[in-house]
Each structure stands twice: as structure tokens, then as C-alpha cells.
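The primary structure of each chain is shown beneath.
2 protein chains.
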Amino acid sequence: MLIIGERINTSRKEINEAVEKKDANFIKADVRAQVEGGAQIIDINAGSRAGSETEDLIWLIDVIQEAVTVRLSLDSSDPGCLMDAVERVRDLPMLNSTTAEKKRFEAMTPVIQKRECEVVALCMDDRGIPKSVEHALENAGRLITDLESLGVKKERIYLDPLVQAVSTDSLAGLKAFETIERISKEFKGVKILCGLSNISYALPERRIINRAFLTLAIRAGLSAALLDPLDKGIMGNLKATEALLGQDDYCMDYIRAFREGRLGG
Amino acid sequence: MLIIGERINTSRKEINEAVEKKDANFIKADVRAQVEGGAQIIDINAGSRAGSETEDLIWLIDVIQEAVTVRLSLDSSDPGCLMDAVERVRDLPMLNSTTAEKKRFEAMTPVIQKRECEVVALCMDDRGIPKSVEHALENAGRLITDLESLGVKKERIYLDPLVQAVSTDSLAGLKAFETIERISKEFKGVKILCGLSNISYALPERRIINRAFLTLAIRAGLSAALLDPLDKGIMGNLKATEALLGQDDYCMDYIRAFREGRLGG
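Respectively, the protein sequence lines represent chains P and L. In terms of the working numbering, the first sequence opens at residue 50 and continues consecutively. In terms of the working numbering, the second sequence opens at residue 50 and continues consecutively.
The shape of chain P in the complex, shown without the other chains (with noise of 0.2 Å):
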């Protein structure tokens, strides 16, 4: 599993200051942290910060790569911000994301042009986020295309599923695990990353929920997860699961983990 690191969101009111006030240190502590946790990929979204995004995007990029040689995922919903952006990345950068909506495809094409990269491709097209496993499939299909037509190798394409909430749909949860095992199965060779919090939307202690939706998901053919590293619950569901699943031998990586004071639960 390709641990990719939540935290530097300015929707978090801890990192939305350290932005304001051009906090370097702060930022440079929390990315050591998660790295330290686990994270192989810094997600970075500063898309609260309308008006000076793209500007806060640029600070939060070249203040993590001094602080850190991991690889960064840039997350906006704006195109032209990921343009300006994806330059200063020092590594292979993932972009954060696209989608197979006509508008927002065609915008996204030159900054995937641009340079190497890999792309998370969201399974919504103009007709909305997919009710069924088949819309969602239908989608999967038609981002591979579109992105190999890009030239964007499939192992560089994460698709992500959509996730609804289970309280408003209770086929929710069952459709997303059919929905990565078919596009592991169908599509073999891409990635499949998904978000673990939709899920649990409008429920009580959210956490429980997402943290056997994880378990369930990578048993599903889950190939990343966007979460926070130094959340001692999900990462020692995280570190369990693999040991259950076979890939962890010996349980060593879960040992080493619970040794250092990462497992908690």
C-alpha cells in the first residue's frame, strides 16, 4: 500500500495559519513527521485559499522540499494553478486530480503534458459522480484511454472510485469494493487510490467506519490511500491488514511499527 500523507490541507486550521503566516517550520515539522509515520507521497492542497492558491501552492512546495526528499501530490480542482505549480516539483509529481468530465479533461491536458507525471483520475463524468458499478467502470475505461492517449504510462494512473456515504446509500460500501475489484481486474496494471472519509459522512464516531472500510478496500485491490500518518488508529489497521493479507512477513513491518509508537487503536 502507497501511503500518501493528508495532513499539509489548508481546510486544517492549524496548517491554514502556518500558511498565512509563512510558517516554514511548522510545515517542515509536519512533513518530517509523516514521513517518519510512513508517508512515501506528500499530498498538498491549499484550494481553501482562494485567490492566492496557486502562490501558497508554489511556498508549500519548495518549503517541503527542504524539508523532505519525498515524493509530492499536488491537489487542486484548478487547473490553471496546477500549471503554474508542477514545475517547481523536484521528483516524478502526481497530480491531484482530473476527472473524465469533456471541460475538465481538456483543461488538464497541457499540465499532464507538461512534464512526467502521475495522475489521479477521478471515475465522474458529466453525468455526475457514478450511482452504479457500471458508470464507474464505464469511466475507469474511458480515463485509461484518454490518458495513455497522453501518453501517461497505466501504471502512473490512480483511479479513484468515488466513495458515497453508507449512511444515505447502505449498498454504498459493497459498491465500492466491487467496483475495485472489477477495475483491478479489468484494468490490470493501473492503481486504485481512494479517499477513506466519504464513506462515514453524516455517521457517528467516523473513524470505526473508515478504519474497516480500509481494511475491507485493500482487500478489495486498493493500491493507495490518502490519510493522515500520524493517526495511530488507521495506521495500525493499515499495518494489520497487510499482515493478515499475506504481505507483511513474518509481521515484521507491524512489529517494527508498534515499536516505534506508530500502532495505536
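Bear in mind the hints are in silico, worked out from the structure with no lab data behind them. Since this is a predicted model, take the numbers as computed values, not measurements.
You can't tell identical chains apart in this list, so a pair holds if it fits in one copy or across any two.
Cross-link-like lysine-lysine pairs, in silico, DSS-like; alpha carbons within 27 Å at most:
1. Lys234 <-> Lys224
2. Lys240 <-> Lys224
3. Lys203 <-> Lys234
4. Lys163 <-> Lys202
5. Lys224 <-> Lys237
6. Lys180 <-> Lys240
Given the coordinates of chain P, assemble chain L onto it according to the supplied hints.
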């Protein structure tokens, strides 16, 4: 998921003391709490009390039946003890357990024939605990045939795949899930039960492993689990998993458990 409450086990210090002192009120309070917590069957195990196991088991049965109307599972490796105790049980008893070992099965035969009952059958034979999925499946098939020939209906048989520790066999989790999946496909109608704690033997923070194991085992087709219904962590995880697998319309059961203070994690 059928929840079998595991707390009335004399290997637990406080239960042993209550049995020692014939403290009926302590036992009654415990089983009432288990039933309020969601237990549909109460497991009773006095196996640690060599010399007085039968007498203690019968005392526990009588005390528990005064307190609650829930079904009972008599948990003993001694067929003689089960033979004496089974007739005290008011409702359909569960007998835990037989195996496919020749002597054990023969010794259990008269108990099973004494009255209608549900039977827990461990998938082991005279070659020992199965190391492979095939061996477990072979034992499962034999146990079903032999139990049916004694008149036990398929839906009253609970096969236990005998989960091994993932710390010593990195494939133990995958083997358990495959065994559960194949039993539910190849022997339709029988039920599958397992304990949750063998999998985490010798690992730190065992409850993290146990919880993720329960989630994955339910996904594979588990019908029943022996657990502590007062453990809010495991119960939260169970309710979350049921919601994610489409078994809880609008998460009503999950939300009710939360409101009643039965979820944690």
C-alpha cells in the same frame, strides 16, 4: 452475524472466583450485560476447573438460565461432561465442540444423539490441525457427512476452520479467509464460526489484529463469532463491518449501538 458471548469462561480470573464462591449474582450480572451488549448465545466454559468441571458447568447453566432467556453453548473438550450437562439446557443447546478425530467424534456421538442440538465442529482430524486449505476442506466435508448421518441438520453445524497465528505463518490470514470462502461456497447451508484471537498469538496490540481479522472474516462469509460483547472496540468494528457490507439498512443498527454507548474503538 450471530454473536456468541465468550465471557463465562473459568480461565478468566473473576469468573473462576465467582464459580469458586458460588457467587450467582456476579454471574447473572455478567450474562445480563452480555445479552444487553448483543450476545445471542452465551458460551459457558469451565474447562480450567479439573475435577469439578461437570458440577461447575451445571451450576453455571442453572444460574444463567435464571437470569436470562438466551440460548447456551456448552464449551468443553470432555464429552462426558457435555453428556451430563446437556439435558439441563432449556432451549436448543449448542455443543462446542467435536472434531474429525476418530476417538473424539465417537465419544461425542452419544451426546449429539441425546437431544436435538447445534454442533460446533473443529476442522481437525487425527493428522492434527490442518496446515492447508485443502486439508481443512476435506475435514469439513467429512464432519458434515458424519454429523448429518447422526441426524444433525446442515444449518445446525458450525464449522470452525481453526485459524493459526500469523506471527508464525505469514499466510495464516489468507488461508483462513480462503477456507471460510470455500466452505460457504462448497457446503451451502452450513455455518462458519471462529475465534478471533488465535490469529494474533505472540503479537503486540493483539486487539488491532483481531479486529481487522473479524472484518475480513465476515467479508469471507463468517456466520458467527465467539467474542466479548462488552468490548466496545470489537463490537464497533463488527457493526461498522455489517454496515459496510450492506447488512444494516441506513446504518440503523450501527447508530442505535452508538446511542446506547456500545461502540468504541
